[in-house]
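**Student:** Start from chain E and add chain C according to the hints.
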Amino acid sequence: MMSEIPGDLKFQKTHEWVRIEDDGSARIGISDHAQGLLGDLVYVELPKVGDTLEAGTGCAVIESVKAASDVYAPVSGEVIAVNDALADAPETINADAFGEGWLCRVKLSDPGELDALLSPDDYAELVASDEH
Amino acid sequence: MSKQTILNATHRAAGAKMVDFGGWDMPLHYGSQIEEHHAVRRDAGMFDVSHMTAIDMRGVRCREFLGHLLANSVGKLKQPGKALYSCMLNEHGGVVDDLITYFASDADFRTVVNAATRDKDLAWLNRQARPFGVAVIERPDLAMLAVQGPNARARVLALVDPADRGRVEKLGRFYSTAAHGLGGVPWFVARTGYTGEDGFEIHLANEHAVVLWQALAAAGVHPAGLGARDTLRLEAGMNLYGQDMTEEVTPWEAGLAWTVALDAGRDFIGRAALEKQKADGVPREMIGLVMDERGVLRHGQRVITDAGAGQILSGIFSPTLGKAIAFARVPAGAHANLRVDIRGRELPVRRVKYPFVRDGKPCEGV
Chain E
1 MMSEIPGDLK FQKTHEWVRI EDDGSARIGI SDHAQGLLGD LVYVELPKVG DTLEAGTGCA
61 VIESVKAASD VYAPVSGEVI AVNDALADAP ETINADAFGE GWLCRVKLSD PGELDALLSP
121 DDYAELVASD EH
Chain C
1 MSKQTILNAT HRAAGAKMVD FGGWDMPLHY GSQIEEHHAV RRDAGMFDVS HMTAIDMRGV
61 RCREFLGHLL ANSVGKLKQP GKALYSCMLN EHGGVVDDLI TYFASDADFR TVVNAATRDK
121 DLAWLNRQAR PFGVAVIERP DLAMLAVQGP NARARVLALV DPADRGRVEK LGRFYSTAAH
181 GLGGVPWFVA RTGYTGEDGF EIHLANEHAV VLWQALAAAG VHPAGLGARD TLRLEAGMNL
241 YGQDMTEEVT PWEAGLAWTV ALDAGRDFIG RAALEKQKAD GVPREMIGLV MDERGVLRHG
301 QRVITDAGAG QILSGIFSPT LGKAIAFARV PAGAHANLRV DIRGRELPVR RVKYPFVRDG
361 KPCEGV
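From first to last, the protein sequence lines stand for chains E and C.
Using our numbering, the letters of the first sequence correspond one by one to residues 1 to 132.
Using our numbering, the letters of the second sequence correspond one by one to residues 1 to 366.
Honestly, the hints are just simulated from the structure, not real lab data.
Check the hints yourself; a few may be wrong.
As the list claims (entries may be wrong) - Lysine-lysine pairs mimicking DSBU-like chemistry, simulated, CA-CA at most 30 Å apart: (1) C:Lys120 <-> C:Lys82; (2) E:Lys13 <-> C:Lys17; (3) C:Lys323 <-> C:Lys353; (4) C:Lys76 <-> C:Lys120; (5) E:Lys48 <-> C:Lys323; (6) C:Lys82 <-> C:Lys170.
To be verified - Taking CB as the label site, the calculated pair distances span: (7) E:Glu100 <-> C:Glu91: 54 to 60 Å; (8) E:Ala67 <-> C:Glu35: 44 to 50 Å; (9) E:Ala68 <-> C:Phe21: 16 to 22 Å; (10) E:Asp96 <-> C:Arg302: 56 to 62 Å; (11) C:Lys276 <-> E:Gly36: 51 to 57 Å; (12) C:Ala123 <-> E:Asp96: 47 to 53 Å; (13) C:Ala309 <-> E:Asp70: 24 to 30 Å.
Said to hold, decoys possible - Sample of chain E residues at the chain C side, in silico, Cβ under 10 Å: (14) Asp40; (15) Glu45; (16) Glu63; (17) Thr92; (18) Pro120.
For clarity, every value in this text was computed on a predicted model and none was experimentally measured.
Glycine included, each C-beta is placed from N, C-alpha and C at the ideal position.
Chain E extracted, bound-state conformation (with noise of 0.2 Å):
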């Protein structure tokens, strides 16, 4: 039950996206395949807006039903909003991981970045060779 990878997200190899928005800051989320593979969500730790977070290392804990999981900020930069919504409905992130299930706003402190991450195409390929 993989839903269509959105186009406009980059990837890091850790099953974090993130998409670039009109206004240049960049939303931060876990994939679709990440949350199939932790189950039921029920408790999600986000963090702080003024929060500084570096690439590569923890900005948020989710917990499933299994396990507690770190999830790896995929950029570096100051976070400037998170999703509220989910400390009384971590589910969203189940039910839409690549939408109303977004963690975090981020003002890019290196664009640079970006270009480390994955590409759509090349996550999906990561994904399906995961799986075999």
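**Tutor:** Just chain C, lined up with the frame of chain E:
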């Protein structure tokens, strides 16, 4: 190479997410663990528990043997069909395993032990049974299905041979009987389970299990995986071997004092050690915890109390309560100001009596 139950292909065809459990390839869930949990609490769900080990014990001294083996008293098994939950202990009072024993006749009992402990349990049973001349007969030819939930019994009864239906319907809680099911297939059916809900556990020959599973599914019984089984049993306040108790822990320290019978003149394995620990004072106890803060209690987290440190044993996010619950082992007498260390933060938790959930609803004080 992991072992497969007879229903393995059926689980896979239903889209189950499979995991290794005690050396068996078993369904964790069929899509949503939480939906399966609710289905059992509100309607009816079914679990393939064929990975568990059914063992028949036969011999004229069988009752005497079980009196020696089990910490609970086999003397409570007076009427044929009655079941007994017990631990079997080692000489130090540590828990070798927990098991259910069904009484068929004085020379014929069946027990079901955990999957992960199969090898050591069979070795232990054989060793202990030998002096009594009791035969220990594993039953890998049997599949086991647990059908649980407020509507579970009605759904199963509709599949029982009409000649046996009234008798199975009248079966009391914690009783078992032989009956004929769908198509005249012989069943062993017990009104037992591991979810806190009413229901039946059915043992039948492997070759008939898939047909029964499909008939139950067609009758609206929801397949449920090991994930839901774990959250259901913890809400119901039931221990899990390996997590809540081990050979290093006595029943006194695992919330299982209610399963120990110190009846006069019965010399069961581990009794002397249990009596000594009771006289000396039991240093640790198992308690129920609820966390009102957001987050999840999990196995291995550190519990901080005014009486010293403890540890979370089984911990989950409870789908029925919408918050985290757990069993913890703590120094005896830890009542107030309890906290759990979650990723370096100390979050307050409340000690509560368990079960946490009964008849589908939160228990008082939880």
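**Student:** For this structure, which hints from the list above don't hold up?
**Tutor:** Going through the list in order, the structure violates hints 8, 10, 17 and 18 and respects the others.
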